[in-house]
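Student: For chain A, the structure is supplied; the task is to place chain B on it using the hints.
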Amino acid sequence: MRKIEIVQNIMEANDSIAARNQGLLDKHGVFAINIMSSPGAGKTSLILQTIAKLKNKLSIAVIEGDVASTIDAEKIESHAAAVVQINTRNMPESCSLIANMIDCALKNLPLGNIELLLIENVGNLICPSEFALGEHKRVVISSLPEGDDKPIKYPMIFADADAVVINKLDLLPYVDFDIPAFRHTVEGLNPRAKFFEVSCKTGTGIEDWCAWLSDEIENHTHKIMNKGG
Amino acid sequence: MHELGITQSIVNIALDKAKEAQASKIVQINLVAGELVGFVPECIQFYFDILSKDTIAQEASLIFTPAPAQLRCRNCSTTFHLQDTLWSCPKCHSQSVEIIGGRELYVESMEVE
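Quick note, the sequences are listed as chains A and B, same order.
When you line the first sequence up against the working numbering, it's residues 19 to 247, in that order.
When you line the second sequence up against the working numbering, it's residues 460 to 572, in that order.
Note that these hints are calculated values from the structure, not bench results.
Ideal Cβ placement from N, Cα and C applies to all residues, glycine included.
Certain hints may be false.
Label pairs and their in silico Cβ distance ranges [as the list claims (entries may be wrong)]:
no., chain 1, residue 1, chain 2, residue 2, range
1, A, S87, B, E557, 33 to 43 Å
2, B, P549, A, F213, 38 to 48 Å
3, A, K125, B, L474, 20 to 30 Å
4, A, P163, B, Q481, 29 to 39 Å
5, B, T514, A, T222, 55 to 65 Å
6, A, I197, B, P549, 34 to 44 Å
7, B, E557, A, G47, 32 to 42 Å
8, A, A199, B, E572, 49 to 59 Å
9, B, E501, A, K75, 47 to 57 Å
10, B, Q517, A, A70, 29 to 39 Å
11, B, P549, A, E92, 46 to 56 Å
Here are a few chain B residues that face chain A, going by a calculated C-beta distance under 10 Å [to be verified]:
no., residue
12, E462
13, I472
14, A482
15, V491
16, E501
17, E518
18, I522
19, R533
20, C535
21, S536
22, H540
23, I558
24, G560
Bound conformation, chain A alone:
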């Protein structure tokens, strides 16, 4: 018997497809965000609000990830430029989107006509944090009824987020969610995360969120153009 030294990252297979996805998106000038949260926190609602606010300025496509059903894709279909629904039920990873699924979805999107791609991950605070998809920014939504302890219980997803959206602000009078305490915990794990306090129901805070997103798209476009030129 002999020993072979290897030292090879197991995530490499996923990460290299994610890098390829990002290269393809950059080639077509598509800015992609990966939207993650627990089920019911408001991923689809935030997508609908974002499209409503930005669709006159940007061409927006959506990738919907769910274990089963096309409910979310149907909700979005008439609003977005294009929608692809991924059902993860029979896939090796049913609890999260992985880079390979995005690779397939991108083949079904008119990338040349899209400026913003919103990827709605499977509702889950654990698994999606492990898999890069090729996105440019990661967004985590926490909604008030879930409680303010989620960053303590699921730290990794918050540690990697570029933006944290606190949703269902309209429910603040009815629930015990300590927003400063929540923000303090996330800031401890991740000082670079941007916070947005919104209500997708009333539209509160959506403007700020969309302004940030527009700025990020612009910054990224400049970066890509400078690189290319």
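Tutor: Relative to the frame of chain A, chain B by itself:
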């Protein structure tokens, strides 16, 4: 249930490296899994037994070495290990901490014949 894809990657890495080394049997695969990585070793072994069937990795044992969750305080720079779920510095009690270890997941080595 995301261990299946990960396990497939482990099997692929192991079979590739065994082929390179012209090995005829993989006896043991040594893996390093960070404490902050959300994968369950028992689950990986379960899938491994199915995926490695009829390959030279069949019946190989997977040995996991945990890599500790290492944190560094952004306030006083103390380096410490995560105790339970307490994400605060043992020295100055600051909750501003940086993750510096415990997210790795790799195949370290294997024993072959």
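Student: Could you run down the list of hints and mark each one as holding or not?
Tutor: Results for each hint:
1. The hinted range of 33 to 43 Å is satisfied by S87 (chain A) and E557 (chain B), whose Cβ atoms lie roughly 39 Å apart.
2. For P549 (chain B) paired with F213 (chain A), a C-beta distance near 28 Å fails the hint of 38 to 48 Å.
3. Remark: the range hint 20 to 30 Å for K125 (chain A) to L474 (chain B) is upheld by a beta-carbon distance near 28 Å.
4. Range check, P163 (chain A) to Q481 (chain B): Cβ separation about 59 Å, and the 29 to 39 Å hint is violated.
5. The beta-carbon spacing between T514 (chain B) and T222 (chain A), approximately 56 Å, falls within the hinted interval of 55 to 65 Å.
6. For the hinted restraint 34 to 44 Å between I197 (chain A) and P549 (chain B), the CB-CB distance of approximately 27 Å leaves it violated.
7. At roughly 34 Å, the beta carbons of E557 (chain B) and G47 (chain A) sit within the given window of 32 to 42 Å.
8. Checked against the hint of 49 to 59 Å, the C-beta distance between A199 (chain A) and E572 (chain B) comes to roughly 57 Å, which is consistent with it.
9. Between E501 (chain B) and K75 (chain A) the CB atoms are about 50 Å apart, so this pair conforms to the stated range of 47 to 57 Å.
10. As the Cβ distance of Q517 (chain B) to A70 (chain A) is approximately 55 Å, the hint placing it in 29 to 39 Å is violated.
11. Checking the proposed 46 to 56 Å range against P549 (chain B) and E92 (chain A) shows it holds: the Cβ atoms sit about 51 Å from each other.
12. Residue-level restraint check for E462 (chain B) holds (minimum Cβ-Cβ distance to chain A is 9 Å; threshold 10 Å).
13. Given the 10 Å rule on beta carbons, the hint for I472 (chain B) holds: about 5 Å separates it from the nearest Cβ of chain A.
14. A cut of 10 Å between beta carbons decides the hint on A482 (chain B): the least distance to chain A is about 7 Å, and the hint holds.
15. For V491 (chain B), the suggested interface contact is upheld, since its CB lies about 9 Å from the closest CB of chain A, less than 10 Å.
16. For E501 (chain B), the interface hint is violated, since its Cβ never comes within 10 Å of a Cβ in chain A; the closest pair sits about 16 Å apart.
17. Using the Cβ-Cβ criterion of 10 Å, the hint placing E518 (chain B) at the interface with chain A is not satisfied: the shortest such distance is roughly 14 Å.
18. Look at I522 (chain B): its Cβ only gets to about 12 Å from chain A, farther than 10 Å, so that hint breaks.
19. Interface restraint check: R533 (chain B) against chain A, minimum CB-CB distance 7 Å, threshold 10 Å, status holds.
20. The closest approach between the C-beta of C535 (chain B) and any C-beta of chain A is roughly 14 Å, which is over the 10 Å cut-off, so the hint fails.
21. Because the closest C-beta pair between S536 (chain B) and chain A is about 15 Å apart, greater than 10 Å, the hint is violated.
22. For H540 (chain B), the interface hint is violated, the least distance from its beta-carbon to any beta-carbon of chain A being 15 Å, above 10 Å.
23. Interface hint at I558 (chain B): satisfied, since its Cβ lies 6 Å from the closest Cβ of chain A, which is below the 10 Å cut-off.
24. This hint is violated: G560 (chain B) has a C-beta 13 Å from the nearest C-beta of chain A, more than the 10 Å allowed.
In summary, the numbered hints that this structure violates are 2, 4, 6, 10, 16, 17, 18, 20, 21, 22 and 24.
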